[in-house]
Amino acid sequence: MEQAPPDPERQLQPAPLEPLGRSDAGLGVAVDEEAEGAREEGSGGDTMTHNNFWLKKIEISVSEAEKRTGRNAMNMQETYTAYLIETRSVEHTDGQSVLTDSLWRRYSEFELLRNYLLVYYPHIVVPPLPEKRAEFVWHKLSADNMDPDFVERRRIGLENFLLRIASHPILCRDKIFYLFLTQEGNWKETVNETGFQLKADSRLKALNATFRVKNPDKRFTDLKHYSDELQSVISHLLRVRARVADRLYGVYKVHGNYGRVFSEWSAIEKEMGDGLQSAGHHMDVYASSIDDILEDEEHYADQLKEYLFYAEALRAVCRKHELMQYDLEIAAQDLASKKQQCEELATGTVRTFSLKGMTTKLFGQETPEQREARIKVLEEQINEGEQQLKSKNLEGREFVKNAWADIERFKEQKNRDLKEALISYAVMQISMCKKGIQVWTNAKECFSKM
Amino acid sequence: MRGRPLLPSSLSSSAEDSGPFLHLAGVRNSQARASSPPRARWGCARPGPALVPAVPRLRSGRGAGAGPAGEAREAREPMGTLGGAGLAAAAAGRARTLGMEGERRASQARSSGLPAGGADGESPGGGTTFPGSSGSSALLQAEVLDLDEDEDDLEVFSKDASLMDMNSFSPMMPTSPLSMINQIKFEDEPDLKDLFITVDEPESHVTTIETFITYRIITKTSRGEFDSSEFEVRRRYQDFLWLKGKLEEAHPTLIIPPLPEKFMVKGMVERFNDDFIETRRKALHKFLNRIADHPTLTFNEDFKIFLTAQAWELSSHKKQGPGLLSRMGQTVRAVASSMRGVKNRPEEFMEMNNFIELFSQKINLIDKISQRIYKEEREYFDELKEYGPIHILWSASEEDLVDILKDVASCIDRCCKATEKRMSGLAEALLPVVHEYVLYSEMLMGVMRRRDQIQAELDSKVEALTYKKADADLLPEEIGKLEDKVECANNALKADWERWKQNMQNDIKLAFTDMAEENIHYYEQCLATWESFLTSQTNLHLEEASEDKP
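Those sequence lines, one after another, are chains A and B.
One point on numbering: in our numbering, the residue at position 385 of the first sequence is 385, and numbering is uninterrupted.
Convert by adding 1000 to the 1-based position in the second sequence; the result is the number in our numbering.
Rather than coming from a laboratory, the hints here were simulated on the basis of the structure.
Here a beta-carbon is modelled for each residue, glycine too, at the ideal position from N, C-alpha and C.
Take the hints with a grain of salt, since some may be wrong.
Some chain B residues close to chain A (C-beta under 10 Å, calculated; not the full set) [said to hold, decoys possible]: (1) GLU1261; (2) LYS1262; (3) LEU1358; (4) LYS1362; (5) LYS1501.
Could you put together the complete structure from these sequences and hints?
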């Protein structure tokens, strides 16, 4: 890419909000697993074109997954899965795509990218990664990370993750993200060199702020509650769905036994034999049809899971706000107390208890010069404090404004995606019903011919 | 007990030349052949000394004009207990050892004696002119007069004898040849069914000793031999067991319909659980109706008593009959002798036995599979019930998704109801039928055993003769009678077997077709639900799109 990517250190730059273009802007979930099945990032591309980051439209796909063995940090042998990321640029005119970059990344690198984005874009609802370990597993589903079905669903999830970032008006411009797609070696070092880990807010600090903040923006408080509810209800839904899937599996599979027994029985029946035999075949078809049906449903579950994990991303933004707000409140408090101290020193009245006051009383008054010096220091501190408070205030307001803009964007996206997911669920059910009707109609015909 | 006369061989395709009986036999023969094969072939396959004269059939009281029709009905009666007069006479002495069969034969023997006087012109000379039966029938006549057990049977028969009067004929006793043809076929046509039984209203009775359930049995009939056209009685499971026992005694090689199990298999504590009672009631209803539909069993006297007698009448009737000890003795001997019978089992019965064994395996598996499917569907239903409401819960926190989430929830709920319906359809249509045939397969094995046992008696006598063990004088005659007995038992079984197989195929076919139908209906309902959801979403989308347009 010709243009120099923007400085990743640039924070909180309000990005001009671009319309997100087509609702199916490459963010649909069940991406086709074919290697060429990368979606255009549609609106993201438009945005980027407008912003001169990437001149041409980009197609990103996570096209393959491979088992690898290597040595980990502790020099022990380990097996992991690597994913092939391919980037294509699409010529405007003829729509042909040219492979520009192709590299392998493993899950931990995706995590690294996300953690970086979380630090540098705290006001953005950062897209979540697909689950690290298989959860909401029903009995036939493997909890093994190496299981090919799990790997396949993860591949799709990772692709989705990248597409979400690429279509985000702000995140897509990040240099590290760009390098993630293009710089195979040394990318990890590059990320670490940014020192983002140091800039990360400590969890403890954040927790403290959450408890002690006095005046957070009500919208964020509400958002926090919403994200808790969202997480809880989607978890519940996924759990029940898994149980329902399990039971449905059982119903279908037991019918397969009919196939076997009918076939054995048909051997001793003269008139009924043929009918039994062919009916048995249809029972087998019925029993085996559930595998594909439930596989499709797993993709639906993955769509819901994404929003389950998004709840955490929302909470992260809220936490940041609380932290900033708390910081602000502490700074204001601090400033107020300094001002008071100053006032006390100046007027000589001691309104509040202070250790200095006590020691002064006990060990004697300080000299006017000492007092003057102290007042001066305080006044400097107060000035500094006031500056800081001003900038913190500004920062805080900027944060709220930008964050809320992104949250609105997120809400739109969420509504669209969830509607789409629910509709796709209906489509799946319809397909399942049609298959069922066909199989049983065939079976009925066989039975009636017995 | 109603007699169980045999078809003379004249009624089977082989012996057309049965002499003086030809005119009657011929008529009967053609009629019999007009009916479905099993009936025509019921009876001894070969002419022989054991053949019962045509008379006993008339004996059962259908009277002159109704003779053929009556014949036809009796023709359907199994050979299981040899009604052959000669055999009966010979076997009378062994009535006790062979259990109830002997008594039946004895009574038949008695009955065969009577028509000689009663029927006019229809039954030329007792069995005497019947080919090969002369000697034995003479013997029969002599012996018959000595027997005086089973007063009931005697009464029954004398009552039957009185039904010579045309006027008291049941409407099912037409006299024209055409109607006689219909008569033979009446079992196949439900419109001509003349016995309607329902089992309902289970009631709990508590006594100091026990608690038990009785079922109300309503019988509606147009048959003449029933005193009235409607009966209502109450019976408990024990009574059904008694009836089944009597039927098995009377017709050892007929396929008696199965009774529902005594106890629930899964070790249910509560015997009087509602579902259990309802399942049992339905099975008992089926049991009685199957008997009613059976060409021979439907005329069984114990069956009639069961349907009509008041409680005290039934108890006193039950008290008659061989005691427990004799029945036990019979069982022991049966088991011992059946092993011998297996060795000399004719080929067709070997095939039959193979079929029964395989069928039993398969139907048991199918029963297990079907029960399992029901269980899985129930568990699916239980989980699905929870699934819909979660979407409603979710809609509470989503402003923009309220409608779609509620719609999805209602779709899921509707599918839930459809699942429930499918489940109950399965329980109604498939499970009881399959289970009944599981019980039938056990029955069949019992029938095979009894057949083998009958054969074993013969074989042991033959053995005795060969090695000159016992009284060589009487043996040939005994053997002759036994041979006929075996013959008749085999034929009865063969005929009933064909009938049973046909019914089985129909029932199984119907049950599975119903199951398929239930599933189709279930999927169609779900399909409609989701499709209408999709349509409404599309419409909404179009509406929104058109609203957005400037």
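Structure-based check of all given hints:
1. GLU1261: Cβ of GLU1261/B sits 22 Å from chain A, so the hint is violated.
2. LYS1262: violated, 27 Å
3. LEU1358: holds, 5 Å
4. LYS1362: With a closest approach of 4 Å, the LYS1362/B hint holds.
5. LYS1501: With a minimum Cβ separation of about 9 Å from chain A (threshold 10 Å), the hint on LYS1501/B holds.
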